[in-house]
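Enquirer: Sequence:
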Amino acid sequence: MKSGFKVIKAGILSLLQDGGRFGYSHLGLCSGGPMDKEAFRWSNRLCSNPENSGVIEVSVGGLVMEAQCSCCIALTGADIPMHINRNWAAPWQTHLIESGDRVELGYARSGMRGYLAVSGGFRCEKIFGSMSTVPRDKLGGSRQDGSAIQVGEVLSCPTLQTLPQRYKLSEEVRPVRPQGNAKLRVVLGYQHETFDLDKKQLFFASEYTLTKDSDRTGCRLKGPAIMSNVGGIFSEGICHGAIQFPPDGQPIVLMCDRPTIGGYPKLGSVFSRDMDKLGQLAHGGKVTFDTIDIETARLALLSHEEEFLAIKPEPAEL
Numbered sequence: 386m387k388s389g390f391k392v393i394k395a396g397i398l399s400l401l402q403d404g405g406r407f408g409y410s411h412l413g414l415c416s417g418g419p420m421d422k423e424a425f426r427w428s429n430r431l432c433s434n435p436e437n438s439g440v441i442e443v444s445v446g447g448l449v450m451e452a453q454c455s456c457c458i459a460l461t462g463a464d465i466p467m468h469i470n471r472n473w474a475a476p477w478q479t480h481l482i483e484s485g486d487r488v489e490l491g492y493a494r495s496g497m498r499g500y501l502a503v504s505g506g507f508r509c510e511k512i513f514g515s516m517s518t519v520p521r522d523k524l525g526g527s528r529q530d531g532s533a534i535q536v537g538e539v540l541s542c543p544t545l546q547t548l549p550q551r552y553k554l555s556e557e558v559r560p561v562r563p564q565g566n567a568k569l570r571v572v573l574g575y576q577h578e579t580f581d582l583d584k585k586q587l588f589f590a591s592e593y594t595l596t597k598d599s600d601r602t603g604c605r606l607k608g609p610a611i612m613s614n615v616g617g618i619f620s621e622g623i624c625h626g627a628i629q630f631p632p633d634g635q636p637i638v639l640m641c642d643r644p645t646i647g648g649y650p651k652l653g654s655v656f657s658r659d660m661d662k663l664g665q666l667a668h669g670g671k672v673t674f675d676t677i678d679i680e681t682a683r684l685a686l687l688s689h690e691e692e693f694l695a696i697k698p699e700p701a702e703l
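Under my numbering, the sequence shown is numbered contiguously, ending at residue 703.
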């Protein structure tokens with residue numbers, strides 16, 4: 386019998402994710418990967434894992450599992466309460482788990498997605514270099530068919546051989562996520578010239594609402610309609626964070642499981658650092674936009690990476 390965690394309750398939507406599947410856009414395969422990349426990275430870091438190790442992305446919550454081996458776990462991301470054998474377990478902290486222990490995740494009090502890492506990483510067969518689950522592509526995950534984690538399956542992970550150092554991340558240095566609203570910075574693309582100046586000014590001055598039709602493919606927003614001067618374009622490659630405007634003028638921000646090509650006009654792309662905020666925004670959340678030039682965005686990205694690597698988690702109490 387393989388070691389790991391037996392799934393008692395699968396939760397709303399629980400998916401195995403690693404850093405993503407890259408280099409296969411020419412085959413029509415998107416990257417997948419975590420909707421909140423920074424929370425994903427911290428979950429692995431707290432478990433002393435390589436950064437690209439497999440974790441469970443828990444949307445909203447409700448996941449319950451029973452351990453079949455000794456290991457360490459850490460939960461980051463959304464404010465999802467966790468209990469181990471009915472005892473509250475702090476988020477953003479490493480916890481020792483023994484065989485037979487029951488790990489229960491409640492439902493998010495803020496945010497949308499939590500990241501549950503295990504020492505050594507969750508393991509399954511990789512397809513095109515990644516285990517990332519992409520339901521739209523029917524690719525990845527424990528059954529390699531893009532399906533979510535199911536009741537009764539055992540999620541494989543290695544058994545601890547030695548007791549590792551346990552860590553915690555203090556609240557002062559945890560990523561700040563939106564409480565019902567998010568301001569997103571946008572790098573304009575070449576197609577912004579197909580939008581009249583008054584339409585662009587309206588877009589950046591307006592507030593949009595995240596609709597219930599949003600998912601890992603795209604965040605659909607409701608607000609003032611913004612029309613391009615072209616009805617459509619030849620389909621072309623589209624990036625993570627691209628802001629498309631379909632014929633109804635309601636913007637769609639493309640997320641991890643986006644198609645690889647599209648034919649709607651694009652105003653620009655959301656700055657990559659801000660995509661984590663959008664990935665944690667619940668339906669009904671409010672979104673506003675501002676511009677950022679590409680050089681400022683590049684410097685901000687480099688600065689943030691330096692800050693991330695400089696933060697040292699504290700030893701957790703045994």
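Keep in mind the hints are simulated off the structure, nothing from the lab. The model shown is predicted, which means the values in this text are computed figures rather than measured ones. Cβ coordinates follow ideal geometry from the N, Cα and C atoms, glycine included. Honestly, I wouldn't trust all of these hints.
Said to hold, decoys possible - Listed next, with one range per pair, are the computed distances between beta-carbon atoms:
| # | residue 1 | residue 2 | range |
| --- | --- | --- | --- |
| 1 | 487 | 411 | 17 to 23 Å |
| 2 | 468 | 619 | 49 to 55 Å |
| 3 | 537 | 617 | 35 to 41 Å |
| 4 | 521 | 492 | 20 to 26 Å |
| 5 | 483 | 618 | 43 to 49 Å |
| 6 | 528 | 697 | 34 to 40 Å |
| 7 | 513 | 436 | 16 to 22 Å |
| 8 | 528 | 582 | 49 to 55 Å |
| 9 | 558 | 680 | 46 to 52 Å |
| 10 | 681 | 624 | 16 to 22 Å |
| 11 | 550 | 578 | 43 to 49 Å |
Stated by the list, open to error - Once the Cα atoms are required to be at most 30 Å apart in a straight line, the calculated DSSO-like pairs of lysine-lysine come out as:
| # | residue 1 | residue 2 |
| --- | --- | --- |
| 12 | 597 | 671 |
| 13 | 584 | 511 |
| 14 | 523 | 394 |
| 15 | 511 | 394 |
| 16 | 671 | 697 |
| 17 | 568 | 597 |
| 18 | 523 | 697 |
| 19 | 697 | 568 |
Enquirer: Among the hints numbered above, which are violated by the structure, and what are their numbers in rising order?
Expert: Violated hints: 1, 3, 5, 9, 11, 13, 16, 18; rest satisfied.
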